[in-house]
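Undergrad: Taken in sequence, the protein lines are chains A and B.
By the numbering used here, the letter at position 328 of the first sequence is numbered 328, and the numbering carries on one by one without gaps.
By the numbering used here, the letter at position 208 of the second sequence is numbered 208, and the numbering carries on one by one without gaps.
Some clues are possibly wrong.
As the list claims (entries may be wrong) - Below, a list of computed lysine-lysine pairs in the BS3-like style, where the Cα atoms sit at most 25 Å apart:
(1) B:K183 to B:K122
(2) B:K122 to A:K8
(3) A:K190 to A:K46
(4) A:K139 to A:K92
(5) A:K110 to A:K190
(6) A:K392 to B:K74
Unchecked claim - Far from chain A by the CB rule (all over 12 Å, computed), these chain B residues:
(7) G60
(8) N75
(9) V126
Everything labelled a hint here was simulated from the structure, so no lab data went into it.
Keep in mind that this is a model prediction, so the values were computed, not measured.
Idealized CB from N, CA, C, for every residue including glycine.
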Amino acid sequence: MLFWMIVKVAFKSLRANKLRSVLAMLGIIIGVAAVIAMLAIGTGAKQQVLDRLSAMGTNLLFVRPSPRGTAGVISGTQLNLTEDDARAILAKVDHVHALSPAVGRNYQVKYLDQNTNTQVQGTTPTYLAIRDFQIDSGKMFTDFDVDRWNRVAVLGSVTASNLFGFSDPVGQTIKINGINFTVVGVLQSKGDQGWNNPDDQVIIPYTVDMHILMGVDFLREIDVQCDAGSDLDAVQSDIYSLTRQRHRIQRGAPDDIMIMNQGEFIAAFSATATTFTVLLATVGGISLLVGGIGIMNIMLVTVTERTREIGIRKAIGAREFDILSQFLIEAMLMSGVGGLTGMGLGIGAAWVVGQYSPFPTIVRFYSIVMALVFSAAVGIFFGFYPATRAAKLDPIEALRYE
Amino acid sequence: MIRAEHLIKTYVLGGQEVHALDDVSVTIQQGEMVAIRGPSGSGKSTLMNILGCLDRADSGRYFIAGQNVSGLSKNALAEIRNRRIGFIFQNFNLLPRMNALENVELPLHYAGRRDAAHVARKSLDVVGLGDRWHHEPNQLSGGQRQRVAVARALVTDPAILLCDEPTGSLDSKTGEEILTLFKSLNAQGRTILVVTHDAQVAAHCQREIYLHDGRIAVPPSDAAEERDIGEPVLTSILK
């Protein structure tokens, strides 16, 4: 009963000094909102990327030339992966289910008067299965097209609509870097992934890309799909020793390729994303701390202002504990109201970001609980000193205070 | 009934010892209405604080309703103030932002009583403000505020009402009304102690304890008192 009385009085005194209370709570509001929104954005982005990566399967290996450089200074990559390397890996390494060599860069792509600058990916038909793409209309080009250097192309859905609008691209002729290609198919949309859009690309046979468009003899990477359930580490070391042999690397010299597997990729990305999220949340947390100091400041002012009230309460029989709990409850109320407001703002901000960004935002229950518990703790922690000062006041001095 | 024996209280002000109370003994019987009077600096505020358990004497013993309260802890003193003593102050000391009823309820809440609202309403009825319970202090006149303060002081049924210059902030007519209220409460058996510098207020009481320089003294004649609280410098020059 006394408790509710105190809560009521605390509410009234917060209302009596609206501007001051809001300013004092602002730090907490911003802090909690920031923590919740940041965690929601971080979690959402991470979740989506992880889903995409896992959808590709966890039995993928990416073989790339290792970065060239000395003493940690990276200066481009070595040019050493060839078509023959790819064929050798497929033929000689156990448990390799499929692979797709990849080469490519950005080119100007034109259809009539429409043109767009997009990633042109030279690869083989296995690329679709390995990268989890589906054909929406038309068909994928074939190994025959690859062998014959046929100038055929499969468009990503975004590229297709950029160039063709609503009309059907299949059978039409586009120009890539001024060279004619026949469109044979369009890919199903996968949705934007944030940093690169898999729907905005053109897929052509890698032989055409290498020899006609780019004029190079080297691959950018070889994506290797292993048999389901096979030992990736074993496959990985087999590929290393095979390429060492093929590239005639001296015993003791470093590898000239590097292999990343999907699991490592997921783990590395996950760790980076977590670090980033924690970093953002920490910034929010610091703002919470500053907000707590703001509340302590206001509570100290309040205690001074209400010295006389404290004297009166003591005269009519309030014990130190009664005064302590009163001011503690006020501080907690302030940080609590601030925390709830911040929670609303944070969830709102997360929702808005989710609407206007390519990835969803996920507000996890634990982040709300954490932010609220933390803000209540801030209220107790920073309310304690002012409340103790109030409780320890001498009743006579307090009554005399003007 | 309250009894204080050989109270001594000394302050140190600017390195100098000031004897606020110098061996003061006071006994007030149940149902008495007594004034404590004296010029400023006479120690009457100090005595009032000690009798009200807001302060502790350096030495001496103090009993309220037979209970020795000297040497009690701060929390125990808070409980004594809550249950045994009703305070009435010169400037009412009601809490702002709380209505009359909530103000009167407050001591009961600190006592942990569950019937607070009911008892507080009855107490407001006693002072004739039963119909104003929902007013906040700033919506009430000075006299009404002091009545709310009286209701608050009475609500825990204390052994004694301690009134510190209860009419000091009121005009003379309202002041009279408050004193009349005190007298009627006293007639119902309340023990009342009025601290004042005003001889006219003291005259309403059954007897008076006069303090001078921290000691109980014989009240001076009116002329001497004029000189005491009037303009001492001017009078001494005129002499």
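Undergrad: Does each hint fit the structure? Answer for all of them.
TA: Results of checking the hints against the structure:
1. B:K183 to B:K122: Since the Cα atoms of B:K183 and B:K122 sit roughly 19 Å apart, the hinted pair holds (cutoff 25 Å).
2. B:K122 to A:K8: Between B:K122 and A:K8 the Cα gap is close to 23 Å, so the pair holds against 25 Å.
3. A:K190 to A:K46: Holds, at roughly 17 Å.
4. A:K139 to A:K92: 30 Å, violated
5. A:K110 to A:K190: Distance of about 23 Å is within 25 Å: holds.
6. A:K392 to B:K74: 10 Å, holds
7. G60: At about 18 Å from chain A, B:G60 clears the 12 Å cut-off, so the statement holds.
8. N75: Non-interface label fails for B:N75: nearest chain A Cβ at 5 Å, not farther than 12 Å.
9. V126: 17 Å, holds
Hints 4, 8 from the list above are not met by this structure, while the remaining hints are.
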